[in-house]
Amino acid sequence: MTPAATSLLCVAALLATALVAVPFGRRARATPAIYGASLAATVVALAGALLHLVAGGTSEVVLPLGLPWLGAHFRLDALAAFFLVVVNFGGAAASLYGLGYGRHEEAPHRVLPFFPAFLGAMNLVVLADDAFSFLLCWEFMSLASWALVIAHHRATDNTRAGYIYLVMASFGTLALLLAFGLLAGPQGGYGFAAMRAAEHPPLVAALVLGLLILGAGSKAGLVPLHVWLPLAHPAAPSHVSALMSGVMTKVAIYGFVRVVFDLLSEPSWWSSMVVLALGGATAVLGILHALMERDLKRLLAYSTIENIGVVFVGLGLALAFRAEGMGWAAALALTAALFHVLNHSLFKSLLFFGAGAVLGATATRDMDRLGGLIHRMPRTSFAFLVGCAAISALPPLNGFASEWLAFQAILQSPQLSAWGLKIMVPAVGGLLALSAALAAACFVKAFGVTFLGRPRSDAAAAAHEVDRFSQAAMFILAGLCLAAGILPGFVIDAVAPVTQALVGDRMPRQTGVEWLSIVPIAEGRSSYNGLLVFLFITISASLAVVVIHRFASRALRRGPAWGCGFVEPSPMTQYSGVSFAQPIRRVFGTLAFRAREHVEMPPPGDMRPARLTVQMHDLVWDALYAPIAGAIGFAADRLNTLQFLTIRRYLSLVFLALVGLLLVLAIWP
Amino acid sequence: MDGLIFDIAHLFAGGLVLVSFMLLYQDRLYALLNIFALHAFVLALSVAWQALVQAAPHLYVTAAIALGFKAIVIPVALHRIIQRLGIHRQVETVVGMGPTMLAGMGLVALSMVVMLRVTPEADPLAREDLAFALSVVLLGLLMMVTRRNAVSQVIGFMSLENGLILAATGAKGMPLVVEISVAFSVLIAFIVIGIFLFRIRERFDTVDIGALDDFRGERK
Amino acid sequence: MSLAALDAVTLVLLLPIAAAALLAVLPGYRFSARLNVGASLLTLFAALSLFVSERPPVGQFLFVDDLNIVFIVLNTFVGFTTSVFSASYIGHELETGRLTPAHLRFYHAMYQVMMFGMNLALVSNNIGLMWVAVELATLTTVLMVGIYRTHEALEAAWKYFILGSVGIALALFGTILVYMAARPAIGEGLDAMIWTVLIEHVAAFDPALLNLAFVFLLLGYGTKVGLAPLHAWLPDAHAEGPTPISAVLSGLLLNVALYAVLRFKMLLAQSPDAIAPGPLMISMGLTSLIFAGFMLYRRRDIKRMFAYSSIEHMGIITFAFGMGGPLANFAGLLHMVMHSLTKSAIFYAVGHIAQIKGTQKIAEIRGLTETHPWLGWGLVIGVVAIAGLPPLGIFMSEFLLVSSTFARQPLLAIPLVFGLLVAFGALLLRLSSIAFGEPKGSAAPAEASYVPMYAHLALVLGAGLYLPPPLVVWFQHVARVLG
Amino acid sequence: MALILDLLVQGGQMALVLALSPLLTGFVRKVKARLLRRRGPSMLQPYRDLLRLLRKEVVLADNASWLFRVTPYLIFAATWVAAALVPTFAIGLKFSWTADLIAIIALLGSARFFLALAGMDVGTSFGGIGSSREVMIATLAEPAMLLIVFTLALVAGSTQLSMVAVMMSQPEVGLRVSLGLALIGLIMVAIAENARIPVDNPTTHLELTMVHEAMVLEYSGRHLAMIEFAASLKLLLYISLIACVFAPWGIAAPDSAPLAYAIGTAAYLGKLALGGALLALFETSIAKMRVFRVPDFLGAALMLGLLGTLLLFVSRSL
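Residue numbers (our numbering), protein chains in the order written: chain Z, 1 to 669; chain F, 1001 to 1220; chain Y, 2001 to 2483; chain L, 3001 to 3318.
Excised from the complex, chain Z in its bound form (with noise of 0.2 Å):
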């Protein structure tokens, strides 16, 4: 059996578990059974893909299903490979955590028919090789989705990020849509063969480049078009939203990938430039929206536009490499924005599930309630600071080693020739850093409110560690982390047949390098070495701690804080998220947010306490989202008058349409 039916197969298992769910899913046993069945797929099509990608060639299978001339063509290469790695990971992941964490879920039987269907459907949008099936499968990625963002359905708030979010993954679908009419031409053309094949003439090449902007940028989080994700992911249930995040994001980054790479001839090089800004706007206002937010799955979302926006960044750099000749170059920048979007869904199906688990701990979402919850759940904790960390690109966990090579992919621009780029490149590398260091703040805050501190309400106090399902996809994850990290050149390795294929060239090979180390061009240029990093800290610390209980003292009491002799009682009164993220919000808001701040000092003698408002605008939705709104609404209103017209004003409204016929006829020559 050819490796793409194998994985076809994992499907149709995906989807008939989904099918099963649908009478099954209100029993008790249901929970375990399908999320087992989800878990057995996805380890089954991961190791598959795995093989793949390490075997090379690729595979195909043609199906006598959707567009009847055609049919449903799919094709496992190195590229599509390489993401179901990703989307089967996580799905496997998510089903594993899902096994512990489902069985809390009030309304399992709206979860766990579409629980599979979406795993299955992401797999599809990989493997297809048609328009037409990537098309289906990415709709009905965004609709499984979609029904799982809305299963807890009361909630108000709920159905209408769940109809943000469909209205917005539509807008992305039609301008795939018309991305495709352009590659396909007039003839039809929809199969991907015949798209690589055809020549694309510069605007062509330019539209549709734009047309995946907004189509994969819409799904994947871009800004301007972002604004659905951070209402859509915190919605669902916490293993979803980690797929959504972590793994559906992916996807959409796969698909711009497989358009904007394979199936597009070279776009010029200015086109790099847009992406460019793009990723490095949302890198820098999604980690800003982050630091701002207090409700932690939210936190979460946004930190994902941040770091889409970086792998947006890698995949700029690498169309303005192509598109100079510098293969070399475009596949490092390829590789870092690979490995970027393999090591986010690690660490942030990681985060979501740990905040899954403060969720189902303390039973909200909101930093300013929380606190202390590493004494209640230390195992939780560990996880979740080793996300933390890997997400803020500390080494030697895996997020630096993707960081680093994207950095080292923006050194290489003194070599392009355009001007345009050569002064870009360097300001969207400040813009990477900036939103590197800002996402570290972001996740101390994240990390420090949450889990540090003292308990700021009573189920933060009442805690309790999770089951042992979660744990083991949150420990298997921050293994992983820790791994990608000292060992990136197996990653780079393992995405060099990737690269070879849509940029034409590779890194060098870094399996033989000594010790492990990873180049970006050569040996003897810039290295990095995790494995030794994490082997230096860990000795000397070690070191440390040895010297320093034999030779000085371990003596250790408890008691008290200091605080300087005053530690207010009130657990109220330590800093909370809000407050954590003041001096940022100061430096960056009144630019990125318009923020206000207004002080209401009562006069001396009144014994009104004291506030402080703050108001901030989300610029986007102000001058983007809330005048379409309004214009809608506007002409909705306006056009609605003729729902209430007498006869005769309908009648006079035939008898214009037939005059005007009528005197188009007359003026025809």
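It is worth saying that the hints were derived from the structure and are not from the lab. The hints are all genuine.
Straight-line Cα separation of at most 20 Å, SDA-like style, residue types lysine to any residue; simulated pairs: (1) Lys3056(L) to Arg550(Z); (2) Lys2440(Y) to Ala155(Z); (3) Lys3094(L) to Trp515(Z); (4) Lys3094(L) to Ile539(Z); (5) Lys422(Z) to Leu3310(L); (6) Lys1172(F) to Asp2191(Y); (7) Lys3056(L) to Ala552(Z).
Predicted model, so just to flag it, every value in this text is computed and none were measured.
Following the hints, complete the assembly by docking chains F, Y and L onto the known chain Z.
Relative to chain Z, chains F, Y and L alone:
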């Protein structure tokens, strides 16, 4: 001989357009009814002439219907309705007579222009006839949309339909003309009965929009 | 020539009219409902047999070709399923006293007359006969719309009647003009109204007359199709009539009228000097699509909302046929079939919902998936399908239409996509409040037959994933014929 | 044999930075005191402080978690590793390719990450103040630093410090505006990162102005020693970094003779002394600024970094 045939047909058709203008010009309901009777009468003449010219005896049936039903029965029935329902005797117009007449002129011009594009090789009789028929149709429609009374709207519709009959009979050898004229008569009868049954006193349109909204389950 | 085949066409016409006669005299609504179902089923079989049996020869009045057979089968199929739905729906109306047994007798008879009218319009080879048949079907639906005798229903029927009459008149004028154009080339008499003859000689017709004729036909039959700005009767007629009639109106009558437009479009397309009918249809289609999309936002009555959605989809279909070409025509045909199936399924669901909740107000209906999972999810699937989401059938047609349009006429695709998106937003907005959220209104169990609804939805789903090759070949052939 | 020698040199470097860093802190304090006409404590006082702290028992807040106890060692280890990777007296050491300049900055970032977390662990408002201000400063300092790195790397063609040092000692690099901007920027970042005046005051205990000290307020005993040690190491690191990049003279080439190493060490000590003295001079001549002026200060560094990068293209095409 051909010339005479043509001229007479032309005369009737032109007469119909003229009467249509008179309909547009009228502002008293009873007078309107009378003029409509005239309209139907001219149509009947025209149809009869076509029946004679085309040697198509079945068209006499159509002419008879036009004469009997539209020139006599319907005006009388509408007369009754106006009396019974106590309908305002004045024709309520949406725009003034002057603009309406101007618009009517424009429509006639438009139908001429449109028809003149038809290649002159085509049957000239048909061409001219059609231009007049189109004018009558458009004038009828204009009347429907510029009058507020139900009765005058019905008259507008009927004059429109007269234009259709004119066109149909002008089309030499067209089958089903009689059937169509019968069908239309039934239709008109329905409308007239509907007006009577539903007691649509003044107009098709209820002025009170708020009441309408209530009915439609909207805006609440 | 085979006698059986000849019978099939006759049967398609004869069965409904015979059933109508029978139903008009039979008392007892239960039996009538069953008879209605049986007659519809037999008509469906007769229509299906058109596929297998040899075609009858082209007659002066009736004929069957590749194009109308699609419509006939669709028509009789939806007619049958709607009769099943109607059987489970109409009893409730009797219980609540909205209808009397006498009304029901009238209703069932009229149902079959209407089916007869539509079938006749579809198989007629004579443009005059077609006109008569379309008007017959229209007039019967007028009577059905007003059947509740409420003020609103009568007003809707009246509006439908008046606007429909004007449409009738315009279509007739167009028909006369076609005859006038054909007469010099073909000669006087019946031949000049026979469609198969017309299409052969159309190149010799006077183009200016044809143009004029098409304008009138487009507006006349377009009124029946519900194209904006001729649509005004449609929302009210859908909202105030019995739901089975709404389903038939949306699912069938609009198609029949569109079929008439298509016939004349084909005629025009064959004439070298006439204007291209495409731009007119495209502009009317786009107007309807965008207009209906905006109108959807302020709807408070659930049936009226879906009526506007029908206008929207008729706009899309008209646009597709206006675009022409094998892909767009294929998309148009597919879209039409899918829309008929989906929209009638939605009306089935809506009918039961309105019966349970005792209201058609959207604000009064909430959380349906919670209280009535079958109906609620059925509605969700239906709306998702009608909104053009995969894996349901409309997605495929919209895919083909949008992508091929963009490749050919990028500037036309933009308003198309805009309209689709606007309508999508509105439908989904309403769906989320109807199907989800805290339940509101009566939670009484539904006494409903879900079979017709789910049968339609299953077909739509199946078509979205897999179209049987013979059907595809057929559609492709028809798409080519349409030019 | 060569390997052992390499390891020895590498080990020597690690030991050297460890040994020298408290001395540097003591030296700066001494110079500052002298400049203020005070005698000041002995230059060896930091060593004594550290030893004293190490021997004391730890008083841990009731609420402190394991993270609070682990953090000092982590910070120390990360800083030490980072400091050991900056070339001091020799370049091209055995493990110098383990991490480049970006990784070194990131290692320091890790240290700060955990320190900020530790500040929030006990749940006092001062810890929160310190952490939130620290991350605010870092969000500006880190990108500024990275932009400076870009400038250097674009000149040197590598982010590897050894290679940067080699490249910068070449005559053809010459004097460039960009490098000057980078130097100024780097010094500004270094001041901010090391919590020196005018950004922060390492000796203050006035609550509302503290940043770094507020975070470590709850630490005592050996934990505090580790943190203080790490702070000294960090100061040493930055001065070594500036020295290595902008004054790479005298630094020993790979595999050179012991004499070269000796010269290198001497030159290094000289550079440290100079750097320390200049720092002290700077600190005594300026006043601390308000916390919310700091963003402007660092924003200027960021701009300098960006400007430096962009001017590179203008001044000379690479």
